[in-house]
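Number of protein chains: 2
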Amino acid sequence: MSLTRFCRSIPIFGGLEGRSLDHVLSLLQEHNYAQGATIFSKGELGRTMYVLREGEVDVLCPASNGRMIPIVRLGPGECFGEMALVELQPRSATILVRKKAKAFSLNNMDLYTLYRADNYAYVIVLQNICRMISRRLRKADSRISDFLAASEQVRPRAAKGRKRLTG
Amino acid sequence: MSLTRFCRSIPIFGGLEGRSLDHVLSLLQEHNYAQGATIFSKGELGRTMYVLREGEVDVLCPASNGRMIPIVRLGPGECFGEMALVELQPRSATILVRKKAKAFSLNNMDLYTLYRADNYAYVIVLQNICRMISRRLRKADSRISDFLAASEQVRPRAAKGRKRLTG
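Chains as they are written, first to last, in the numbering used here: chain A, 1 to 167; chain B, 168 to 334.
Please note that a few of the clues may not be correct.
[What the hints assert, rightly or not] Using 27 Å as the maximum straight-line C-alpha spacing, the simulated DSSO-like pairs for lysine-lysine come out as follows: (1) B/Lys266 <-> B/Lys306; (2) A/Lys99 <-> A/Lys139; (3) B/Lys267 <-> B/Lys209; (4) B/Lys306 <-> A/Lys42; (5) A/Lys42 <-> A/Lys102; (6) A/Lys139 <-> A/Lys102; (7) B/Lys209 <-> A/Lys42; (8) B/Lys306 <-> B/Lys209; (9) B/Lys209 <-> A/Lys139.
What the hints contain is simulated information worked out from the structure, not anything from laboratory work.
Looking at chain A on its own, in the form it has when it is part of the complex (with noise of 0.2 Å):
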């Protein structure tokens, strides 16, 4: 499949099309990673997410007791890094290449670029990483609410200690 075609089937980019698309594929960094190897890490400062064109990999988020913990596995078409991008804090997960991959990359000045040359696009972009994680953090919330029905079906008074997801 072309560089074009795969970028316009795939969420991140769902929605451009002719220069537009052009002019985001302009912007895109070619990466290759073996297996085994770590994309970024959790705490470092980066403002760089990436579409994932082969391969897969695995979003480690830390546990309270500082572990690292498998939460979920991505594979071609989805997206990482693209927390740290909107909200210009480290990176909250560290990503390992389960199976060798290629990915695209955007920076911040890439976006800010896009934003000064072709708003249109720059907007469509943006409304679609909301989407993206705004899909999922509404699976996150299901996951949730099955950990604390089970943790309530073991402990009726769990609910009580849940913690504010926001504020």
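We have chain A already, so just place chain B on it with the hints.
Here is chain B on its own, set in the frame of chain A:
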């Protein structure tokens, strides 16, 4: 605190000044809710987000068995309903008023009006929504890591059955 000062102090409108802030404020609708009221329910169609000015609400999400589980409590300055706004999906949660509440709403047509009339303000609000959702996902992911770490202590092979968060 005046509405202008309140809105300047909260994350969703951070970075808006002068005419852009006035523009956004002119779009807000005020709502008052009694304790025990449901602001919206899971599964409903809705293209409106809310900013809580006073009071408290509970966010309830469905577990796999269909039971609604309160997963987070929100207070003044916090937002809800923005996921249905960006994803164009039915509501993923039910919002229940815990303590008599005043909220301001902003819907998809308001945002479109803003996009047309004040692109700069629109981009700031969209970036803020994206940042807010990302912050929630970050917290949700670390909560999931804690649940997974705890369940691994009980059942060392539990991680094998983990769900995909994205895809």
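Results for each hint:
1. Our distance criterion of 27 Å between C-alpha atoms is met by B/Lys266 and B/Lys306, whose separation comes to about 24 Å.
2. Between the alpha carbons of A/Lys99 and A/Lys139 the distance comes to roughly 24 Å, so the proposed pair stays at or under 27 Å and holds.
3. Proposed proximity of B/Lys267 and B/Lys209 is supported: the alpha carbons are some 21 Å apart, at most 27 Å.
4. Simply put, B/Lys306 and A/Lys42 have alpha-carbon atoms about 14 Å apart, close enough for the 27 Å limit, and the pair holds.
5. Restraint check: the Cα-Cα separation between A/Lys42 and A/Lys102 comes to about 21 Å, which is no more than 27 Å; the hinted pair holds.
6. Our distance criterion of 27 Å between C-alpha atoms is met by A/Lys139 and A/Lys102, whose separation comes to about 26 Å.
7. Distance restraint check for B/Lys209 and A/Lys42: the Cα-Cα separation of roughly 34 Å exceeds the 27 Å cut-off, and the hinted pair is therefore not satisfied.
8. Distance check on the hinted pair: B/Lys306 and B/Lys209 sit about 22 Å apart at the alpha-carbon level, within 27 Å; holds.
9. A C-alpha spacing of about 14 Å is found between B/Lys209 and A/Lys139, which places the hinted pair at or below 27 Å, so the restraint holds.
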